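The lines below spell out each chain.
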Amino acid sequence: MTNSNMTCEAFDDALPDYLEGTLDDSLRASVEMHLRECVRCAGVMRDLENIRRDAAALPDLVPSRDLWEGIEARIAAPVIPLAARPERRRSFAPAAWMGIAAAALVISTAGITYTLTERSLAPRQDAPVAQADPTARQVEPRIDSGSGPQPSATTTVATAPDQTGGNTTNRPRPPEATGQRLATPASLASQPRNSSLQPEAVYGKEIATLQQIISQRKTLLDSSTVVIIEKNLRIIDAAIEQSRAALAKDPASQLLSEQLTHALDKKVELLRTAARLPAST
Amino acid sequence: MPAASSAVRVPMGDSTDVALAAGGDRQAFERLYRTHANRVYSLCTRMSGSRTRGEELTQDVFVRTWEKLPQFRGDSAFSTWLHRLAVNVVLNARKTEGKQASRTDESDVGDERWDVAGRAPMHIERMDLADAIAKLPAGARKVFVLHDVEGFKHEEIAELCGITSGGSKAQLHRARLLLREALQR
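Protein chains in written order, with my numbering: chain A, 13 to 293; chain B, 28 to 212.
No lab work stands behind these hints: they were computed from the structure. Since this is a predicted model, take the numbers as computed values, not measurements. Positions of the beta carbon are idealized from the N, C-alpha and C atoms, including for glycine. Careful: at least some of the hints might be erroneous.
Unchecked claim - Within a straight-line C-alpha distance of at most 20 angstroms, the following computed SDA-like cross-link-like pairs (lysine to any residue) qualify:
hint, chain 1, residue 1, chain 2, residue 2
1, B, Lys162, A, Leu31
2, B, Lys162, A, Leu70
3, B, Lys95, A, Arg284
4, B, Lys180, A, Ile241
5, B, Lys122, A, Ile241
6, B, Lys180, A, Arg284
7, A, Lys230, B, Lys122
8, B, Lys162, A, Lys230
9, B, Lys95, A, Thr285
10, B, Lys180, A, Glu32
11, B, Lys180, A, Thr285
12, B, Lys180, A, Lys230
13, A, Lys230, A, Ile241
14, B, Lys180, A, Pro28
15, B, Lys180, A, Thr34
16, B, Lys162, A, Ala26
17, B, Lys180, A, Ala69
18, B, Lys180, A, Leu35
19, B, Lys180, A, Thr237
20, B, Lys162, A, Arg64
21, B, Lys180, A, Leu70
22, B, Lys162, A, Asp72
23, B, Lys122, A, Thr237
To be verified - From the structure, some residues in chain B lie toward chain A, with a derived Cβ separation under 8 angstroms:
hint, residue
24, Arg53
25, Glu57
26, Ala64
27, Arg66
28, Thr72
29, Glu82
30, Thr85
31, Phe89
32, Val90
33, Leu156
34, Glu183
35, Lys196
36, Leu206
Stated by the list, open to error - Output of the computed footprint for chain B on chain A, the stretches with three or more beta carbons under 8 angstroms from beta carbons of chain B:
hint, region
37, 74-86
38, 218-228
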């Protein structure tokens, strides 16, 4: 207590607002009078102002290592330009992964069932049509074929990461900016029917690259996350294989081609997300 | 106290690299990283209280920046936009890492009176300011770093952290008193 009307307890209560400059004039005058008379409260005030001043002047810290390499590995995850979609949740809930994989499997299976059912009910003269393009049967669908047939002029893939560190553009660009058409399921579906295996050529290289990135970062991810990723990849791979098998029987089917593209799309999406997951702590 | 929006230490020449990086140029993005890495790392480390965690969060921030860069419209300085994005990344990481701890940090401000005379209920060894900040309870540290180190206003902190402006002021005062206690030992 001092000669002023303000007690030290009242000063303590008023101090936050005094430091914020939000006290009314009369109370501020009382605080300042108390500060002139009370050594203890003046010391508190001086210390807090010093902390505030020193905090504002703290120098920037420097990381113990170059963080760019890790950042580049994550942003270099290649992307296939897909149709614009609403932004997805970033959380890594197992249920969400199961949903994605299950949706791919259900859609693929339903499409195959529908097509096969339709074929079985169709007039028998359809049979020769399905065999009209023997070359399509001779193509072995291989998802990891980096040296497979190049996409036609009507499709494009994002470039693989530039291993030389060059000025690579791998972000999806608008078609008009690149002069190329997007390899969306829709654009693939609009291609001639005998190009039904092109989705694998389009996606194969990207999948292989993404899998390589994930393989390198595997040890950095949470082990349970890795288990979930691998489990869902197996489910999606099963859907892809079903689509392949159905396509082998009916290479002319646009629906089956779309289903295969869809399943591959899901696989790329899962791999891309996994490749960009932050390291576990 | 400069506000965050005053873009303290804004490097010159960002705009070209921002445009190039937004178009997918990784070299331009690396230049942006080199320019801003230390400041982002400082924010991440001080808010998380850990250098190791700060490095991980810094990487997360720049990956997120790469993803969001096409949406940057230049309404504010790139450094301001980046800084706010960094704060959001750190705060979101904290939400997923320890909601329970976070709730405790927020709720323990309440009506609790902190003894200005130096009897704050936290034992901290004598240390320098940076170490003392790292030892603060998470809620108090977050507000202190945003306000006193980074220059955000209470209204901005309230919006970012999902607390009231009064809560931000209370946490700040608590943090300062705890720091004073730590620095006096």
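Going down the list of hints, with the structure as the test:
Distance check on the hinted pair: Lys162 (chain B) and Leu31 (chain A) sit about 23 angstroms apart at the alpha-carbon level, beyond 20 angstroms; violated. Straight-line distance between C-alpha atoms of Lys162 (chain B) and Leu70 (chain A) comes to about 16 angstroms, which keeps the hinted pair within the 20 angstroms bound. The hinted pair formed by Lys95 (chain B) and Arg284 (chain A) meets the criterion: a straight-line CA distance of about 16 angstroms does not exceed 20 angstroms. As the CA atoms of Lys180 (chain B) and Ile241 (chain A) are separated by approximately 42 angstroms, the hinted pair breaks the 20 angstroms bound.
Proposed proximity of Lys122 (chain B) and Ile241 (chain A) is contradicted: the alpha carbons are some 23 angstroms apart, above 20 angstroms. At roughly 38 angstroms between alpha-carbon atoms, Lys180 (chain B) and Arg284 (chain A) are farther apart than 20 angstroms, so this suggested pair is violated. Between Lys230 (chain A) and Lys122 (chain B), the direct Cα distance comes to roughly 24 angstroms. Violation of the 20 angstroms bound is thereby established for this hinted pair. With a C-alpha separation of about 32 angstroms, the suggested pair Lys162 (chain B) and Lys230 (chain A) falls outside the 20 angstroms cut-off, and the hint is violated.
For the suggested pair Lys95 (chain B) and Thr285 (chain A), the alpha carbons sit about 15 angstroms apart, so the restraint of at most 20 angstroms is met. Distance hint between Lys180 (chain B) and Glu32 (chain A) is fulfilled; the C-alpha atoms sit about 11 angstroms from each other, no more than 20 angstroms. Restraint check for Lys180 (chain B) and Thr285 (chain A): not satisfied, since their Cα atoms lie roughly 35 angstroms apart, outside the 20 angstroms limit. Distance restraint check for Lys180 (chain B) and Lys230 (chain A): the Cα-Cα separation of roughly 41 angstroms exceeds the 20 angstroms cut-off, and the hinted pair is therefore not satisfied.
Taking the CA atoms of Lys230 (chain A) and Ile241 (chain A), the gap is near 11 angstroms; set against the 20 angstroms cutoff, the hint holds. Distance restraint check for Lys180 (chain B) and Pro28 (chain A): the Cα-Cα separation of roughly 15 angstroms lies within the 20 angstroms cut-off, and the hinted pair is therefore satisfied. A distance of roughly 14 angstroms separates the Cα atoms of Lys180 (chain B) and Thr34 (chain A); the hinted pair therefore holds under the 20 angstroms criterion. At most 20 angstroms may separate the alpha-carbon atoms for a hinted pair to count; Lys162 (chain B) and Ala26 (chain A) exceed this at roughly 26 angstroms.
For a cut-off of 20 angstroms, the pair hint linking Lys180 (chain B) to Ala69 (chain A) stands: about 17 angstroms separates their Cα positions. For the hint linking Lys180 (chain B) to Leu35 (chain A), the alpha-carbon distance of about 17 angstroms falls within 20 angstroms, and the restraint holds. Simply put, Lys180 (chain B) and Thr237 (chain A) have alpha-carbon atoms about 38 angstroms apart, too far for the 20 angstroms limit, and the pair is violated. Simply put, Lys162 (chain B) and Arg64 (chain A) have alpha-carbon atoms about 17 angstroms apart, close enough for the 20 angstroms limit, and the pair holds.
Taken as a hint, the Lys180 (chain B) and Leu70 (chain A) pair is honoured in the structure, with Cα atoms around 18 angstroms apart against an allowance of 20 angstroms. This hinted pair checks out: Lys162 (chain B) and Asp72 (chain A) have alpha carbons roughly 18 angstroms apart, not beyond 20 angstroms. Between Lys122 (chain B) and Thr237 (chain A), the direct Cα distance comes to roughly 19 angstroms. Compliance with the 20 angstroms bound is thereby established for this hinted pair. For the restraint placing Arg53 (chain B) at the interface with chain A, the shortest Cβ-Cβ distance is roughly 6 angstroms, inside the 8 angstroms limit, so the hint holds.
Checking Glu57 (chain B) against chain A by beta carbon gives a least distance of about 6 angstroms; that is within 8 angstroms, so the hint holds. Interface hint at Ala64 (chain B): satisfied, since its Cβ lies 7 angstroms from the closest Cβ of chain A, which is below the 8 angstroms cut-off. Given hint, Arg66 (chain B) at the interface with chain A, holds; its Cβ is 5 angstroms from that chain's nearest Cβ, closer than 8 angstroms. Here the hint on Thr72 (chain B) is kept, as its CB sits about 6 angstroms from the closest CB of chain A, short of 8 angstroms.
Hint on Glu82 (chain B) holds. Least Cβ distance to chain A is approximately 5 angstroms, under the 8 angstroms limit. The interface hint given for Thr85 (chain B) holds, since its Cβ lies 6 angstroms from the closest Cβ of chain A, which is under the 8 angstroms cut-off. For Phe89 (chain B), the shortest C-beta to C-beta distance to chain A is roughly 5 angstroms, which falls under 8 angstroms, so the interface hint holds. Interface restraint check for Val90 (chain B): the shortest CB-CB distance to chain A comes to about 5 angstroms, inside 8 angstroms, so the restraint holds.
The criterion of a C-beta within 8 angstroms of any C-beta in chain A is met by Leu156 (chain B), whose closest approach is roughly 5 angstroms, and the hint holds. A distance limit of 8 angstroms between C-beta atoms decides the matter here; for Glu183 (chain B) the minimum to chain A is near 14 angstroms, and the interface restraint is violated. For Lys196 (chain B), the suggested interface contact is upheld, since its CB lies about 6 angstroms from the closest CB of chain A, less than 8 angstroms. Look at Leu206 (chain B): its Cβ gets to within about 5 angstroms of chain A, closer than 8 angstroms, so that hint holds up.
With 10 residues carrying a beta carbon less than 8 angstroms from a beta carbon of chain B, the region 74-86 of chain A meets the three-residue requirement, and the given coverage holds. With a cut-off of 8 angstroms between beta carbons, the region 218-228 of chain A has 0 residues touching chain B; three or more are needed, and the interface restraint is violated.
Of the numbered hints stated above, those contradicted by the structure are hints 1, 4, 5, 6, 7, 8, 11, 12, 16, 19, 34, 38, listed in ascending order.
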